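Undergrad: Residue strings, one per chain:
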Amino acid sequence: MIDDLDRAILRVVQGNAALSAGAVGRAVGLSQPAAWRRLRRLREAGILKGRELALDLEKLGFGVTVFLGIKLATKGRVSLEDFERAVTAIPEVRRVEHVLGRYDYRLRVTARDLADFERVLRRRIMALPGVGEVESNVLLSEERLPGPL
Amino acid sequence: MLDDVDRRLLRHWQGAPEMTSADLAVVLGLPAARVARRIERLREAGIVRGIHGVVDWGALGYAVEVSLRIQLEKSVQGAFDAFLAAAREVPEVTEIQTFLGRVDVRLTAIARDMGHWQVLYRERILALPHLAEIEALMHVATVKTDQSLPL
Chain X
1 MIDDLDRAIL
11 RVVQGNAALS
21 AGAVGRAVGL
31 SQPAAWRRLR
41 RLREAGILKG
51 RELALDLEKL
61 GFGVTVFLGI
71 KLATKGRVSL
81 EDFERAVTAI
91 PEVRRVEHVL
101 GRYDYRLRVT
111 ARDLADFERV
121 LRRRIMALPG
131 VGEVESNVLL
141 SEERLPGPL
Chain C
1 MLDDVDRRLL
11 RHWQGAPEMT
21 SADLAVVLGL
31 PAARVARRIE
41 RLREAGIVRG
51 IHGVVDWGAL
61 GYAVEVSLRI
71 QLEKSVQGAF
81 DAFLAAAREV
91 PEVTEIQTFL
101 GRVDVRLTAI
111 ARDMGHWQVL
121 YRERILALPH
131 LAEIEALMHV
141 ATVKTDQSLP
151 L
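Listed in order, the protein sequences are those of chains X and C.
In terms of this note's numbering, the first sequence opens at residue 1 and continues consecutively.
In terms of this note's numbering, the second sequence opens at residue 1 and continues consecutively.
To be clear, the hints were calculated from the coordinates, so they are not data collected in a lab.
From a predicted model like this one, the values you see are computed outputs, not experimental measurements.
Warning: the hint list may mix true and false statements.
[Said to hold, decoys possible] Calculated lysine-lysine pairs in the DSSO-like style (CA-CA distance at most 27 Å, straight line): (1) X:59 x C:144; (2) X:49 x C:74; (3) C:74 x X:59.
[Claimed, not checked] Pair ranges (Cβ atoms, derived): (4) X:73 x C:2: 20 to 30 Å; (5) X:36 x C:123: 25 to 35 Å; (6) C:71 x X:100: 18 to 28 Å; (7) C:113 x X:112: 34 to 44 Å.
Beta carbons: idealized from backbone N, C-alpha and C, even for Gly.
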């Protein structure tokens, strides 16, 4: 489906998506038009699905990121929908994943500090419909890896 | 440090990271050169750390995503560093996070299918050094991906 040059291009773009096709080409040993064609093909195939802005959260005043594991107390189609609707409406909840295993949902919560997180946890998370057991783990460090390219 | 224009700029940009400084200038109703300068300043200040291309692993045939919650043998000296160094060597690991809490480290790992996952789990993941406890959460669906900050 994709060859080694495509993989090399994806690695370059993962690192910096703002590079021009010419710069991507230079990094992998292709001409500008050849790199441009491959980039377009990767985008059209949905392999390169978009861009992400990496911001320094602490510098923006969001000093605390917490991952929550949530187990629903009551289950059923309606309660899943109610829970999902309510949880996605909380601005501090930046990512919600439905998972299988010890917990039903994984949440990524960003707060200004621990006191702010406690407020979100008590007033918003614990008030969610159907919420049962909640486990919090405070993020210390995070790294993204290129993956199997 | 950040003024209202910076906040507006970041709000729009986070929502649509594919926008160029020229696009942002149109949205904000400001001269393009001024917006370009502001972006440059946000980068220099380290507030904008980078713009990363996102790969859709599903489109490349990786149908399985697992979140591995790991507790390490913390009493062993250098356990964290040894574990993290070895985890970085597993190509299917796409994300490593460390925590304060019940979980010490979390890895995101991807596999083509359950057969591939089983091999990966047994041969690479369980072989990582200083593992004390490991628990897997299988990804079913992403309900919200809005990584935008309430700025």
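Undergrad: Now tell me, hint by hint, if it's right for this structure.
TA: The hints, checked one at a time:
1. X:59 x C:144: 24 Å, holds
2. X:49 x C:74: 39 Å, violated
3. C:74 x X:59: It is violated: about 31 Å lies between the C-alpha atoms, which goes past 27 Å.
4. X:73 x C:2: 20 to 30 Å: 41 Å, violated
5. X:36 x C:123: 25 to 35 Å: 40 Å, violated
6. C:71 x X:100: 18 to 28 Å: 20 Å, holds
7. C:113 x X:112: 34 to 44 Å: 42 Å, holds
In summary, the numbered hints that this structure violates are 2, 3, 4 and 5.
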